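A.B. asks: The sequence shown begins at 1 in this note's numbering and counts up one residue at a time.
Mixed in with the good hints there might be a few duds.
With a Cα cut of at most 27 Å, we get these calculated DSS-like pairs of lysine-lysine [stated by the list, open to error]:
(1) Lys41 / Lys127
(2) Lys145 / Lys174
(3) Lys150 / Lys38
(4) Lys45 / Lys99
(5) Lys127 / Lys146
(6) Lys99 / Lys141
(7) Lys38 / Lys127
(8) Lys99 / Lys41
(9) Lys99 / Lys38
(10) Lys174 / Lys150
(11) Lys45 / Lys146
(12) Lys38 / Lys141
(13) Lys45 / Lys145
(14) Lys127 / Lys45
Bear in mind the hints are in silico, worked out from the structure with no lab data behind them. Just so you know, these numbers come straight off a predicted model, no measurement behind them.
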Amino acid sequence: MAVSSIKNSIESSFEQTNSIELGAESKEQAQGDWSELKAPKVDLKPLPEGLRYAFLGENSTYPVIVNSDLEPEGSRSRQQATFIRRLSALLVELRKYRKAIGYTLDDIKRISPDLCIHRIHLEDESKSSIEPQRRLNPNLKEVVKKEILKLLDAGIISPISDSTWISPVHCVPKNGGSLSLKTTKRS
């Protein structure tokens with residue numbers, strides 16, 4: 001009974017999404033998705049050896065980072081032709097599936113929280129543990145706050161007011177100087 005109702009709600013949400021996308025989407029609007037006016041302002045930083053920028057939009061808009069080799073083979077001219085062929089094939093596929101991939105956080109398709117939400121169901125005799133809040137240095141605290149607000153605004157995460165469980169946030173520095181937020185996984 002419950003499985004069939006979930007299946008029906010999933011199918012109806014997909015039907016609504018498809019009818020909205022098919023009805024509202026036209027060729028001009030699809031081209032407008034890649035307009036220079038909507039392109040996010042990205043500061044292009046120097047890349048490590050072996051990587052380079054390629055652009056999905058016109059006039060150097062919508063940059064993506066690709067491998068500069070893409071498995072070259074043969075002589076220099078043949079190597080260059082192979083690279084160009086493989087790069088153009090990659091860019092065609094990225095443009096083709098841009099709605100599924102999403103260029104920014106706001107472009108990512110999400111499942112409605114009404115349809116699917118994660119909950120931790122405890123047994124009746126179990127109790128949650130209480131741990132003190134972890135401290136961050138002030139600079140890192142501001143960075144974490146900005147990242148969490150960005151994820152909240154994009155709708156990727158949502159606040160839970162009735163949860164007795166929380167996950168501590170760990171900041172993992174990346175090579176480019178940015179931070180990645182991770183939560184601990186407990187069983």
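A.B. asks: Are the hints correct? Go through all of them and say.
C.D. replies: Comparing the hints with the structure gives:
1. Lys41 / Lys127: violated, 48 Å
2. Lys145 / Lys174: holds, 17 Å
3. Lys150 / Lys38: At roughly 18 Å apart (the allowed maximum being 27 Å), Lys38 and Lys150 satisfy the hint.
4. Lys45 / Lys99: holds, 26 Å
5. Lys127 / Lys146: Answer violated: Lys127 to Lys146 is near 33 Å, above 27 Å.
6. Lys99 / Lys141: violated, 33 Å
7. Lys38 / Lys127: violated, 50 Å
8. Lys99 / Lys41: holds, 20 Å
9. Lys99 / Lys38: holds, 15 Å
10. Lys174 / Lys150: Since the Cα atoms of Lys174 and Lys150 sit roughly 18 Å apart, the hinted pair holds (cutoff 27 Å).
11. Lys45 / Lys146: holds, 21 Å
12. Lys38 / Lys141: violated, 31 Å
13. Lys45 / Lys145: At roughly 24 Å apart (the allowed maximum being 27 Å), Lys145 and Lys45 satisfy the hint.
14. Lys127 / Lys45: violated, 49 Å
Against the hints set out earlier in the document, violations occur for numbers 1, 5, 6, 7, 12, 14.
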